[in-house]
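Could you build the full structure based on these sequences and the hints that come with them?
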Amino acid sequence: MKKRRFSLLLAALLTMAVLGGCGSDGTGESSGNNSSTSTVVDNEVQEPQGEKTYGGTVVVGIQQDIDGLDPHKANSAGTKEILFNIFEGLVKPDENGNLIGAVASDYTISEDGLVYTFTLREGIKFHNGNLVTCEDVKYSLERVSGLLDGVPLMATMKAVQSVDILDEKTVQVTIGEANPELLYSFTAAIIPAGSGEDENAELVGTGPFCFVSYTPLESIVVKKNPDYWQAGLPYLDQVNFKIVASAETAMMELKGGSIDIYPYLTESQAAELSSDFRMVSASSAVLQALFLNNAEKPLDDVRVRQAICYALDGDMINEFLYGGNSVLASSAMLPALKSFYVDLNDTYGTSANVEKAKELLAQAGYPDGFALEITIPSNYEVHMQTGEIVVEQLKNVGITATINPVEWETWYSEVYKGRKYQATISGLAGDLTPGYIINRFQTESGKNFVNFSNAEFDRIYQELQAIPDLKGREEPYKQLQKILNREAASAFIQVAPTNTAVSNKLAGYRCYPVYVQDMSTVYFVK
Amino acid sequence: MRYLGKKLFTLIITLFLVSVAAFLAFQIVPGDVVGSIVGEDASPEREQQVAEELGFMENGKKLSPAVRYTRWMKGVLQGDFGVSYRYSKSMNEQMPVKELIGDKLPVTLWLAVISMVFIILVSIPLGVVWARCNNKYLDAVLGVITQTAMAVPSFFLGIILTFVFGILLKAFVPGGYVSYKENFGGFIGYLVFPALAVAIPKIAMTARFLRNSMLTEMKSDYVRTAYSKGCSKRRVMYGHVLRNAMMPVVTFLGMIIAEIVAGSIVIEQVFGLPGVGRLLISSINTRDFPVVEILILYITFVVIFVYFLVDILYRIIDPRISEK
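Protein sequence lines, in the order shown, are assigned to chains A and B. Those letters in the first sequence? Residues 1 to 526, per my numbering, in order. Those letters in the second sequence? Residues 1 to 324, per my numbering, in order.
Be aware that one or more of the hints could be misleading.
Stated by the list, open to error - Have a look at the derived ranges for each label pair, beta carbon to beta carbon: (1) A:Pro405 with B:Glu45: 31 to 41 Å; (2) B:Leu24 with A:Glu248: 26 to 36 Å; (3) B:Ser90 with A:Glu248: 27 to 37 Å; (4) B:Phe308 with A:Gly150: 52 to 62 Å; (5) B:Leu17 with A:Glu177: 29 to 39 Å; (6) B:Leu24 with A:Arg419: 20 to 30 Å; (7) B:Glu45 with A:Glu135: 22 to 32 Å; (8) A:Gly446 with B:Asp311: 49 to 59 Å.
Said to hold, decoys possible - Derived contacts from chain A toward chain B, CB cut-off under 10 Å, selection only: (9) Gln64; (10) Lys73; (11) Ser76; (12) Ile124; (13) Cys134; (14) Thr156; (15) Ala159; (16) Val163; (17) Leu166; (18) Glu218; (19) Ser258; (20) Ser413; (21) Lys417.
Hint data in this document are derived by calculation from the structure and do not stem from the laboratory. All residues carry an ideal CB built from backbone N, CA and C; glycine is no exception.
Here it is, written out as C-alpha cells:
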C-alpha cells in the first residue's frame, strides 16, 4: 500500500490513479474557478467503438486495503478514490479538475468571499431512499469543520465559522477569512445527520454506487444506485474493488482475466499487456523530487544544492523510467495547474551540467565532493529505481551517494515527521488547490520536512493569503516557484504519468487530475 | 498427568514471553501509528482523539508502554482481543481482532489440510516403494526428482504453477479466489494449486526421509530375526520396519503442519489468498499492533501445540518412550 494514505504519497503511488484529464480541456466556467487542470495526455489507444450497454460487473484491482469507511476520517488516497463512487460533497471535481455541483445544484459566493450559499439539488436522495435535507448538509459540514465536537476532521474546514439553514433548500456557510481555494473543501461527503455517531449507521451517500460489503484483504463491493441524480448513470450493475496481494500477482490476474481495470501499471508491466487490454496513460498529480534537508550539512549551502540540481539529468531519468512520457519538474507546482504553473526547467537544464556542478561544489569548499545518504521508502519501486540513477549521476560530479532503503512507516516517522535524514527521494501528491504542495516550504510549516527557510518566500506566501480571488494569486504563486527553483529548495525531478490497464470489453473510463476511480461512466461495449 | 501439567506450564510461560517480546519489538521499530492513521493534514485535536481511541493516551496524557501492555494483557485474559487499528467493520466501528483473524483463519487451515492430504497420500507410498525398489535406474530417477523438488522454493513453484495451469492451460483463474462463505466447492478448488505448491517440496523431503529411515531399519537385527522366524516380507516391511521408520517421519510431519498452519506467508502472497500469513504481513507494515500481537501468539501456540501432539503420538507408536 502500498499502497498508502495521506495526501503525501510515494512514487509507487505515482502509479496510482491520479490521472490528469484524459478528456478535453476544461473551461472552468461551471464553477467560476479558472484553474482548469488538464494535462498533456498521450492517449493514442482508441476506445473500443460500439453500443453502450447497461449492466454487468467490473473488477477493479487496487493495491492497498482501504483505511476506513468513514468518508470524513479515511485519509489514504487509495481509499478516497474508491469512496468517490459512494459519497459526494456539495460540489465534486469533474475529469477536467473543475468543480461541478453535486449535492448542491447551485452555489454563490459573496463579494467579500466570506459567505457561501448552497442550494440543495431538487429530489436528491441517499442510498437508503431518504431525501437529503439541509440538516444533513449542516451536520456533515459541522462534523468536518469541528463545530460539532471540537475536532476538525479536515484541516482546511477549520475556517468555517457557522453553517446556517436559510430555508428548506438553502444552506449558508460563513467563514472567517476569504480563501478562494476553500471551495475545493466542499467536496467533503454529505452523510445523513447523526450517522457519524450512530453505531448502527448505514453507510449511505448520494454517489452513483451504493456500498454493499467490505472484506479486509479481499474486496469492497458496490452496486448501482438506481436513483442517481445524473440521468443515465451509472451503467454498471456492480463494481468489485479487489485488493491484490502485490504488483506481480496483479499482473497474473490481469493475464488470467480476473481483473478488468488495473490502475497502477509500471512501464515494464504495461509492455507485457495482452491485446485484451489497452493502456490509458495520463499525467499523475504526484511530484517526485530528490528532497534535500536544508538544515543538514553540507546541504545548508545553497551552492551545494544548486550543484546537485545541475548534476541531475532529468531527461535520462525520464527516458529510462517512463520512456520520455513524464513531465520534468522544476519547482513545487503541478504542471496540470496551468494558470499557476511556470516552467523553470531552463535554470539548471534538463540534462546534466557537470562542469557547472563541480564549479559550484568547489566554491562551496567541496572540490572533492562529499558523502550523501539518500533515504528511500523501499516499497516504492519507482523511487528506488530513480535513486539508483541519481546515485550514478551524482558520482559524475564527485558526490558519493548511497541509498538507505527503509520501510514506509519508518520513512514517514523518521524522515517526513522526524526530519532525520540528509536526502530522500519521494513523491508529494497534489490536489486541485495550487497552494497544496507549495505551502509546505514556509519556514514554520509543520510539513516543511526539507527545512527550507527563506524570508522572501514566507513574506510572499503571507501576502498571498489575503488575495481573495484565484486570478490574483497566479503571479505570487509563480514568484514562489521561482524562489524555490533559484534557492534549489530541493532537486525537483518529475511528474510521472500513470498507466491504467483497461479491458477492451469496456469503454468510458475517465481519468481525473485527482485520486479518483470514477466507475459511473464505464460501460460494456456490445 | 504430571507430564501434561508440565507441558501446559511451559506453554503459558512461552506465550507470555513471546507476547512481551512482540510488544517490545513494536516499541523499538520506527513508526507513528496515530500520525499515519490521521494523515499529515490532521488537526492536533483529531490526532489526540485517535490516540485516545487507540489507547495511547487517556484524558490528554500519554500512557506508558507498561500501562498499555498490562491493559492489553488484561483484555486478552478476559477474552477481549481488542480491535484492529486499521481495519474498519462499518462506518463507526473498527474490526474486532477476533473477527478479523477468525475470518482469515479458515483459509490458512484449509490450505494446510489439503496440503497435508497431498503430502501424506503421496510421500508415504512413494517412500515405501522407493525403499523397496531394487532397480538401480528407478532409484536414480527418484533421487534426481526428489532432489530437484526439494531445491525449488515453494513460492517459485507457485509462480510456475500459476503460469502453466492458470495462464497457459487455463485450469484455474489466477487470483480468482472465492470466499469459503460464498462457494465452498470453488474455494477448495482454488486451494488445490496453492496446496500443491506447498506440498511438492515437502513430499520430496518426506519421501526421502522415509526411504532413508526404512533402509536403516532394514539393516537392523530385528529384521533378520523376523525373517528367520518365518515372517513374510510383507509382514516384516509393514509390521516392523515401517512402524519403526515412521518415528522420525512423524516428527518431521509435525514440523510441516506447524509451518503451514502458522501461515504459509509466501504462498498466500503468490496466490493472493487472504489468509493469516498475508494478514500478518500487511499488519506489520501498517503497525497494526493488536492484530500482529494476536497472530504471533497464535503462531507460537500452534507450534508448541503441534509438537505436543507429536510427543503424544510418539508414545502411542513407541510405548518405550513413556517408560523412560
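_Minimum beta-carbon distance criterion (10 Å), A:Glu218 to chain B_ = Cβ of A:Glu218 sits 5 Å from chain B, so the hint holds.
*Could you check if A:Ser413 really has its C-beta closer than 10 Å to a C-beta on chain B?*
holds (4 Å)
*Per the CB criterion, is A:Gln64 less than 10 Å away from chain B?*
holds (9 Å)
*With 10 Å as the cut and Cβ atoms as the points, is A:Leu166 at the interface with chain B?*
violated (28 Å)
_Just to be careful: measuring from the Cβ of A:Ile124 to every Cβ in chain B, is the smallest value less than 10 Å?_
violated (20 Å)
*Return holds or violated for the Cβ distance of A:Gly446 and B:Asp311 against the range 49 to 59 Å.*
holds (58 Å)
*Go ahead and decide if the range 26 to 36 Å is satisfied by the Cβ distance of B:Leu24 to A:Glu248.*
holds (33 Å)
*Using the beta carbons of B:Ser90 and A:Glu248, state whether their distance is inside 27 to 37 Å or not.*
holds (32 Å)
*B:Leu24 and A:Arg419, beta-carbon distance inside 20 to 30 Å?*
With Cβ atoms ~26 Å apart, the hint holds.
_Status of the hint placing A:Thr156 at chain B (closest C-beta pair under 10 Å)_ = OK, holds: A:Thr156 within 10 Å of chain B, min 8 Å.
*asked:* Range first: 22 to 32 Å. Now tell me if the beta carbons of B:Glu45 and A:Glu135 are that far apart.
replied: holds (24 Å)
*When the nearest CB of chain B is found for A:Ser76, is that gap smaller than 10 Å?*
holds (8 Å)
Of the numbered hints stated above, those contradicted by the structure are hints 5, 12, 13, 15, 16, 17, listed in ascending order.
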